[in-house]
Amino acid sequence: MPSSRKILFENRSIVVPGEVVAIGNYKLSTGVFRERDAVKASKVGLLDVKGDKIGVIPLEGSYIPSVGDEVIGKVIDEGVNMYLVEIKAPYNGVLLKKIQPDKPTKGELRIGETVMAKIIRFDRGANPLLSIDGPGLGPLRKGMILEVEPSKVPRIIGKKGSMIKMLKELTGCDIRVGRNGLVWVSCKDPRILAVLAKAIRKIELESHVSGLSDRVKAMLEEELTKVREGS
Amino acid sequence: MSIFIEKPPEKLIDEDGTRIDGRKPDEMRPVRIEVGILENADGSAYIEWGGNRILAAVYGPRELHPKHLAQPDKAVLRCRYNMAPFSTSTRKKPGPDRRSIELSKVIREALEPSLFLHEFPGTTIDVFVEVLRSDAGTRVAGTTAASVALADAGIPMRGLVSACTVGRVGDVLVLDVGHEEDQWGDADLALSMLVDYNEITLLQMDGTLTPQQLKQAIGMAMDACKKIHELQKQAIREKYLKIVREIAGETST
Amino acid sequence: MRPAHRRVISLLKKEYIKTIIKEDKIREDGRHPLDYRKIEIKARGGFTKGEGEAWVRLGRTQVLAGVKIDVGDPYPDSPDTGVLITHEEPLPLASPTFEPGPPDENAIELARVVDRGIRSAEAVDLKQLVIPHPTDPGRNKVYLIFLDIHILDHDGNLQDASALAGIAALMTTVIPEVKMTEDGKLEANLEKLKPLPTKAIPVSVTIAKIGDTLIVDPNLTEEEVADSRITITVDDHNRVCAIQMLGGSFTPAELELAIDIATVKSRELIEKVKAAVKEAEANA
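Protein chains in written order, with our numbering: chain A, 736 to 966; chain B, 682 to 934; chain C, 12 to 295.
Don't read these hints as lab results, they were simulated from the structure. Don't take every hint at face value.
Simulated crosslink set (DSS-like; lysine-lysine; CA at most 25 angstroms straight-line) [unchecked claim]: (1) B:K773 with C:K49; (2) A:K961 with C:K49; (3) C:K152 with C:K205; (4) B:K773 with A:K933; (5) C:K152 with B:K688; (6) A:K923 with C:K53; (7) A:K853 with A:K903.
One side of the interface only, derived from the structure: several residues of chain A facing chain B at Cβ under 10 angstroms [what the hints assert, rightly or not]: (8) V779; (9) V802; (10) G803.
These stretches of chain C come out as covered by chain B in the derived footprint (C-beta under 8 angstroms, 3 or more residues) [said to hold, decoys possible]: (11) 24-30; (12) 208-219.
As the structure is a prediction and not an experimental result, all values here were calculated from the model. C-beta: ideal position from N, C-alpha, C; glycine also.
This is chain A alone, in the form it adopts within the complex (with noise of 0.2 angstroms):
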C-alpha cells in the first residue's frame, strides 16, 4: 500500500549497515535489502532516493567484477594459454591468449606489465574473464598508477565525466580510470603528476561533501600555478 510508505531519512544522508532506512514496498537498488517490511542499509554510505527506486551509495568496499566493465590489471602470472591479471579484486582475471593464426596477438605481455581491459564475463566464485580487443584496451607502456577507493571512481569520473574533464584540462595530463580503482595517468612533468595524485586523493577523501569539483578545482589551480612558477 503506497500510503504507508515512508523513507526516514534526507536524501543523501550518511547510513550505516542495519539501519532501516524505509518503510514499504521500494524498488531496491545497491547497498540495501528488505527485512520484512523494512528497506535496510547493508553498506555504510549515501541514501539515493530516485523516485521509486532505494539503494545506499556505497563510501567504502571493493571492487565487484561486473560485465562490461572496462578495469586496470597488474599481469601477474602467465600459462600456455593465458594471463593472469590482478585487477584489485577479490579474483583475479583470466585473460585468454589468442591463438588463431590469423588474428596476431596484440602485442605480447610480461609479467608485472599494466593493462587496460574488459571484463567479458562473470560469475562469482570463478575468474572473471577478461578482453583486450577494443579501441582504447591493451597493455599501458608509459605513464604511473594511482590507487583510489573503488566506491569513490564515479565520483572521480563525475556526473557525464565532468570531473576527469576537469582534471584532463587543468593538468594537461592524459588520465584513464579503471572501474577497479586503478588510475592510469600520464603527465609531461612528474611535479604535475604529484599535484594531480593529490587532487585525486582529495576527491576521494572528500566524494560524501558537495561542492567537491570547485573545491578540487581551485586546490589544482593554486598548486599548479605554485609549480608552474617554481620551474
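With chain A's structure known, arrange chains B and C on it following the hints.
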C-alpha cells in the same frame, strides 16, 4: 619472575553499591571509537573502552591461499585476536596461546551472523583484533571494534554487532566488568548481539550465577549493547562528518 | 603461505619512478631525494601498558613500541649488566602481504638492527640496571628491559620508523625501584619510579639507490623498485653505531655519500626524538 604482583583489594564494592573504580553497578566505563585509522587495511577501527586500547582491522574479501580452504558457496571469515606483549602488566610472550585461539574463534562466531558471506564465494575476509592495552573486557571491546571495522571495509552486513560484559560481585550484578572485578569477582558474562534484530551471537560465562541472576545479567548486557550500538553508528558517521566540518571550516575562514 | 603475486612489481611504476629520479631528481610523491616524509612521534600516549612507549607515524607507515620491565638473572658472561631484549612483530593488520605467524627473517633482521644501534651507542646504561644482593654479588639480579615494536601500517622504511619508536619509548620509560633483601627477596616499589638511564640517542637513516640516485626514507613502492638499500644508524654524539645493507650493491663512492647523508639527516631525526621526549615529560 614478575615484579607486578597485584594484591586483591579489601573489597570490590561498598555497602552503598559504589564499585572499586567509583562506578555504580549499572554504570559503564567511557567508550570512544575512531574509524579508519589504518591506511593499508580495507577497514579499521580503534576503540578506547575504560583502560582498553584495541585496534581492529579487516582485509577482504580477498583470494584465499591455499585454495583448498576456500568455500565454493561463501566467503570464509577468519579472525585473529592477539595481545601485544606490552598490553599487560607483566609482559605477555608474543604469539598465540590457548586463550587467544579460543577468543579468536568466539569473536569470529560472534561476527559471522551479521555478514552476507554468500556474496563472495571462494574468498576470505580476515579480521584482526590487536589488543594494545588490556583492562578487562577485551573480547567484547574487540568484537565491538571489529564489527565497525567490517562496516568500514564496506563488507555487506545485516547490522552491527555490539558487545558488553556483566559480572557478579557478591550479591550485586555489575555492568561492564572492570580490572579488579575481572580478577577477583565471582562471575563474568560476555555477550554480543545484533541489536537491530535482538539476536544474541556470543554468550560466555565463568564463575557462578543463579538462573535468575543469569537472566538478569543477560538483560543488563543487552541494554548496554544498545548504548554501544549507538556509539558504533555515531563513530562510523563521524569519519565522514569530520571531513564535512573541516571543509565548512576552511570555506568560512 | 604468501600469495606469489604480491611480489610482482609493476613495471610501469618501476619505469616511472626510475625515469623521474634520473631526469628530474624528483620522487613519485613529489619529494626531493633527501626529504623524509612527515614524522610524528607520540611518546607516552597511554596506548599500552608499557613502562615506556612511542607511536610513530612516518608518512603512512605506523609503528608502536612498548617497553616492559621485569627482573631476572643476568647473563652468566655479563653479571653486572642489565638485559635488553628487542622484538619486532609485523602484525598481519599492517599489510596485505603480512601473514600471521612468528616473525620472519625480515622482522628478525629489523629487530636486530634496531637492537644493535641501541646497544652499540649504549643508549641504555645497562650497567646501572643491576639490583645488588646486600652481601653476595653472585646472587645479584638485574632489570630486564623488553622493547617490543609492533608494525601497524606498512608503507615502507620500517627501519627508521622502528628505530625512532624504539629510542623514544626507551627514553620515556620509567622503572620502579627494586631492592633485594638479605634472604634474596625482591621488593619492588611501584610508587617510586625513576627514569630508565639513557646515554645516547641512536637514529637510523635508510637510504635507497634507484638508478644512480640515492634517496632517503623510501616508501613501499620505492623499496620495491630500489636497486639496493642500506640502513645507517648514527647517534647524537655523531658516532655511526650500526650499519645494515638490505640487498643490492653500492660503489665505494656511493657508500661515502650515503654515510654523509646519514650523518646530516640523523640530526633532524634526533631533534624529533628530543622534542617528543620533551613533550611527553611536559605532559607527565
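**Hint validity - A:V779 Cβ closer than 10 angstroms to any chain B Cβ** = 5 angstroms, holds
**Asked** Is C:K152 within 25 angstroms of B:K688, Cα to Cα?
**Response** 23 angstroms, holds
**Item:** Minimum beta-carbon distance criterion (10 angstroms), A:G803 to chain B
**Value:** 19 angstroms, violated
**Request:** Please work out if B:K773 and C:K49 have their alpha carbons no farther apart than 25 angstroms.
**Result:** The given pair, whose Cα atoms are some 32 angstroms apart, is violated under the 25 angstroms limit.
**Prompt:** Minimum Cβ distance from A:V802 to chain B below 10 angstroms?
**Reply:** Check failed: Cβ of A:V802 comes no nearer than 17 angstroms to chain B, outside 10 angstroms.
**Message:** With the threshold set at 25 angstroms, check whether the alpha-carbon distance from A:K961 to C:K49 stays at or below it.
**Reply:** 21 angstroms, holds
**Prompt:** Would you say the region 24-30 of chain C counts as covered by chain B, given the rule of at least 3 residues with C-beta under 8 angstroms?
**Reply:** Result for this restraint: violated, n = 0.
**Request:** Would you check the hint for C:K152 and C:K205, treating anything up to 25 angstroms between C-alpha atoms as holding?
**Result:** With a Cα-Cα distance of about 18 angstroms, the restraint between C:K152 and C:K205 holds, given a limit of 25 angstroms.
**Item:** A:K853 paired with A:K903 [C-alpha distance capped at 25 angstroms]
**Value:** 23 angstroms, holds
**Request:** Decide if the proposed pair is consistent with the structure: A:K923 and C:K53, CA atoms, cutoff 25 angstroms inclusive.
**Result:** 40 angstroms, violated
**Per-stretch coverage check for the region 208-219 of chain C, three Cβ contacts closer than 8 angstroms to chain B** = Coverage by chain B is violated here, the residue count being 0 at a Cβ distance below 8 angstroms.
**Request:** Would you check the hint for B:K773 and A:K933, treating anything up to 25 angstroms between C-alpha atoms as holding?
**Result:** Given that 25 angstroms is the threshold and the Cα spacing comes to 42 angstroms, the pair is violated.
Comparing the model with each numbered hint stated earlier shows that hints 1, 4, 6, 9, 10, 11, 12 do not hold.
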